[in-house]
Every structure is written in C-alpha cells, then in structure tokens.
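K.L.:
So the chains spell out like this:
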Amino acid sequence: MNNLSAAQAAYLAARKRHRRIVTAARILLLVLFLFIWEAAAQYGLIDSFIFSSPSRIVRTFRDMCADGSLFLHAGVTLLETIISFLLVVILGTACAVLLWLFRKLSEILEPYLVILNSLPKSALAPLLIVWLGANVRTIIVAGMSVAIFGTILNLYASFREADPDKLKLIATLGGSRMDTLWKVVLPSNIPMLISISKVNIGLSLVGVVIGEFIGARQGLGYLIIYGSQVFKLDWVIMSIVLLCIIAMALYSLISTIEKHSRKWL
Amino acid sequence: MDPLLTLQNICYSYHTPDGETLALENISFTVDEGEFIAIVGPSGCGKSTLLNLICGLMKPQSGEIALHGEPVTHTRPEIGYMLQKDHLFEWRTVYRNILLGLEIQHKCTPENIARADALLETYGLASFKNSRPSQLSGGMRQRAALIRTLVLDPNLLLLDEPFSALDYQTRLSVCDDIGIIIKKEKKTAVLVTHDLSEAISTADRVIVLSKRPGKIRSIIPIKLDIEDRTPFRSRNAPNFKDYFNLIWKELNCHE
Numbered sequence: 003m004n005n006l007s008a009a010q011a012a013y014l015a016a017r018k019r020h021r022r023i024v025t026a027a028r029i030l031l032l033v034l035f036l037f038i039w040e041a042a043a044q045y046g047l048i049d050s051f052i053f054s055s056p057s058r059i060v061r062t063f064r065d066m067c068a069d070g071s072l073f074l075h076a077g078v079t080l081l082e083t084i085i086s087f088l089l090v091v092i093l094g095t096a097c098a099v100l101l102w103l104f105r106k107l108s109e110i111l112e113p114y115l116v117i118l119n120s121l122p123k124s125a126l127a128p129l130l131i132v133w134l135g136a137n138v139r140t141i142i143v144a145g146m147s148v149a150i151f152g153t154i155l156n157l158y159a160s161f162r163e164a165d166p167d168k169l170k171l172i173a174t175l176g177g178s179r180m181d182t183l184w185k186v187v188l189p190s191n192i193p194m195l196i197s198i199s200k201v202n203i204g205l206s207l208v209g210v211v212i213g214e215f216i217g218a219r220q221g222l223g224y225l226i227i228y229g230s231q232v233f234k235l236d237w238v239i240m241s242i243v244l245l246c247i248i249a250m251a252l253y254s255l256i257s258t259i260e261k262h263s264r265k266w267l
Numbered sequence: 033m034d035p036l037l038t039l040q041n042i043c044y045s046y047h048t049p050d051g052e053t054l055a056l057e058n059i060s061f062t063v064d065e066g067e068f069i070a071i072v073g074p075s076g077c078g079k080s081t082l083l084n085l086i087c088g089l090m091k092p093q094s095g096e097i098a099l100h101g102e103p104v105t106h107t108r109p110e111i112g113y114m115l116q117k118d119h120l121f122e123w124r125t126v127y128r129n130i131l132l133g134l135e136i137q138h139k140c141t142p143e144n145i146a147r148a149d150a151l152l153e154t155y156g157l158a159s160f161k162n163s164r165p166s167q168l169s170g171g172m173r174q175r176a177a178l179i180r181t182l183v184l185d186p187n188l189l190l191l192d193e194p195f196s197a198l199d200y201q202t203r204l205s206v207c208d209d210i211g212i213i214i215k216k217e218k219k220t221a222v223l224v225t226h227d228l229s230e231a232i233s234t235a236d237r238v239i240v241l242s243k244r245p246g247k248i249r250s251i252i253p254i255k256l257d258i259e260d261r262t263p264f265r266s267r268n269a270p271n272f273k274d275y276f277n278l279i280w281k282e283l284n285c286h287e
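First to last, the sequence lines map onto chains A and B. Counting in this note's numbering, the first sequence tops out at residue 267, every number present. Counting in this note's numbering, the second sequence tops out at residue 287, every number present.
Rather than coming from a laboratory, the hints here were simulated on the basis of the structure. Among the hints, erroneous ones may be present.
[Said to hold, decoys possible] In silico SDA-like pairs for lysine to any residue, Cα to Cα no more than 25 Å straight-line:
{"hint": "1", "chain 1": "B", "residue 1": "Lys117", "chain 2": "A", "residue 2": "Ser160"}
{"hint": "2", "chain 1": "B", "residue 1": "Lys91", "chain 2": "A", "residue 2": "Pro166"}
{"hint": "3", "chain 1": "A", "residue 1": "Lys170", "chain 2": "B", "residue 2": "Thr125"}
{"hint": "4", "chain 1": "B", "residue 1": "Lys91", "chain 2": "A", "residue 2": "Ser160"}
{"hint": "5", "chain 1": "A", "residue 1": "Lys170", "chain 2": "B", "residue 2": "Thr107"}
{"hint": "6", "chain 1": "A", "residue 1": "Lys170", "chain 2": "B", "residue 2": "Glu110"}
Values in this document were obtained by computation on a predicted structure and should not be read as measured data.
Construct all of the structure, not just a fragment, from the sequences and the given hints.
P.N.:
Here it is, written out as structure tokens:
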C-alpha cells in the first residue's frame, strides 16, 4: 500500500477532501439553522411561543425525560411502528406469494389493489376508529394500511420478473411450482424485500402517527395533536424532532441489515 | 439395438392472438445409445423448441416422441438439460448449486451425494465447493452446470447452445472440455447450435434444419479422419472443411 503512484495518491486525497467538505457542510448547515433559530427567538424576531426555539426544545426534552412521559410517548410510537412494519412484511410477502401462485386471482384483483394503493390512507383512519375502536390495534392497522398495498404490488411485480430461464431450469430438473417458489423466486427477491422495507418502515411511521392523531391517548402523534390544542407548541415541535430521529434510526437499522445480508447472500 | 430416442412426424405451432405460426413440421429421427447428435439451422427454425419437446416441457401438436420406446409426456429424470447460460444461483455455494436437482427430486441419498463429490473431484471443482458461482471463471461455471445435470445420472443430455454465452476462446476450450466429459461418462447427447464448426467437431451425426417452419433438410454422418477424436482436435481433421462446406451448402440452398 505504500508504493502508491503520485497520481493515485492525488486521486485518493481529492476523494477524501471531497467527502470531508460534504460532511463539514452538512454539520455547518444544521448548526447555522439552530443558531439562527435561537438568535431570532432571543431577539424577538420570531415569537418563541409559536415557533419555539432550540433551547426551549431542550428544556422541554429534559423536563419530559425527568417525569418519564417522553419515554412513554416515544416508546409507544416506536413499538406500534415496528409491529405494523413487521406485520406488513409478513402479510405483504404472503399475499404476493398467493398472487404469484394463482395467476388468475392476481389478474382479477389487480385493479382493486391499484386503487387501494393510490387511495390516501389518511381517509381511512376515521373509519378504522369507528370500526375497531380507539385502541392500539387500530393504530397498528392504520400503520399497516399505508404500506401494505404498495408492498404487495411491488413484491408481486418483482416475483413475476424472475428470470424465465431460471424457472425453466427448475422445470427441466423436474421441479414443481413450489420448488420454483422456494428455490428461485423467494431467494432471488430477498434484496428486493429489503429495499421495499426501507420505504415501508417510514410509511408505517406515517400511518401510526395518523392513527395517533385521532385515536390515541399516548404516542408522539397524540402529543402533537394535544400540544397544538393546548398551545404547548414546544411539545409539538419537540415531537416532530423526535419523529425525525426515530425515522432516521429505523432507516439506518434496515440499511445495516441490508449491508449484512449482502455478505450472506 | 433399439434406438434410445425416437421422434416420429413431430409438428408444433405457436399460438398468439394474432394467429398461429408453424414452427416445426414433420420431424422424424432417431438417436442411438451413446451417440452425439448436433442440430443446426438458421435462427428461428425451432431448434430450441425441438429440445423443449424432447425434454417434455412442451407437448407436440402431433407426432410422437419416445425414450426407450416409452412416450415422453412430462419431464423425466432420465433426460438432462443444459441451458445457454449456466444459471448457477448466486445465493447458493457451488456445492449447493450442484445438489439442486437432487434436492428437487428428493434424492439426496448418501450414494448420490458421494457421486456429486466424485464428479467435483474428477472435474477439478472440489476446491471450489464452498465458493460462490461469481468466483468461478466462465468455463468452470459451465462445467459446474454440467455436473449439476450429471449428478442426476441422465441417459440423455440435451444441450441448448450451451457455449454461446461465452467468448470465442473460452468457448473452444469449454466445448472441448464438455465434449470429453460427455464421452467419458458415456452419455447420449443432442446439441443444438448455430455454429457449424462446433456441430461438426462434436457430433457423430449432424441434423440440418431448414428455415421456419423447421423441416429436416438432411442428416449427415460425420466421419473425421483423425485418431483420438476430441472436439478440439476434430477441427484439424483434413476432411473437416469438406463437412463444413457440405453443411453450409445444405443450409443455404433453395433460399
């Protein structure tokens, strides 16, 4: 490694410099934003009662950590999101498999799935509350409703794109359709399933927050609605910041799984 | 001795909403045990269709295909099929790829596993057992694909342009390689190709098909003046080019 040519060394240095500039600019942007926000609030350019401020958010965060209510709300939202995400993965895959196994069924159901997929799921939330009651189950169903139809459609489309020659190979070896499913279709679609999951974890969070808006007594979605009603906008904005962090954490969790799965596959 | 494979008056048409296309018309020939047959013809003449029919993946519209005198109605373990590409699964190791057919046919018996190990050993892939297919060269991949077929101990091997996805140099050596393995394992083979040299260098008989609808134009026995015939050495036979010219003429007459 120590006998790099000058040109190669220069290339590597340029790459490193580029990455450093990008990282530094990202951090700077955040710091600048927080600084301007704080300063504007301090000097009365914006009304910190409505717009809050970084320092107020930190204070709220500390208070709510102290009385434990923060862990309850964030924990409930996180748990509901993870449960609805896992259910989406399991049910979505099962439905896609059924559609793949029964070609006629899939052709019959396709237009309905497309409609359900493009329907704004927030429109369903009030209905779900009436049907299922204001409880955790409703919120998990709301979370699932946002992601499930897209999962089925995308996964099924990807199942159908399995290499016809690989299917032929299984047939020439005397394999059945189930052999094709277990030996070709499912294993070749694991990367697809993971990349759909990356989108789904975010969508499940969206659905859960929508559900909490209208049918919960706990959770960050509840905190946002309640905070806006009693004009505690510090709560609202802090909850939004927390949602950002949760979304990022969940996404990077799936990315890590993706990286590891590349090694096993 | 009865022929291993008999085709009698095979016809086959493709159906689309726009109509019917006759792909094969009145194909009849036999293949004896241990013979190597090559089928050549212009592209679209139904060569691959013919293999699909022999293999039992598709049913002929009329006519009869029999293996050992028994009609072929569905895929049978006595028939092995090698596709254009190796189609080794990247999510399996080389070893698990080779066992794929045994797994599907529920034949993972100790004897069969031992045969798989022996084949890997004989054909120089034993040290790559636990590698991923992407770590093998193009030639080794094709050899692994052949072993995957041979593990099932088929009587008849169908080869659907198995070298066409390789670059020219690899192709010559892999063709030689596979040809020698097939002779050594005493298998009967039907090779479909559009490469005349490949057909002449490997086959005992070459069947020439016409343009669509595919009909048998002629069946040419190949007798090369050479000792210890292998596909590669065959190309140096003095009468190789005579066969080449003969088949070339057969393919191009009555255009």
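K.L.:
If you test the structure against every hint from before, which numbers come out violated?
P.N.:
4
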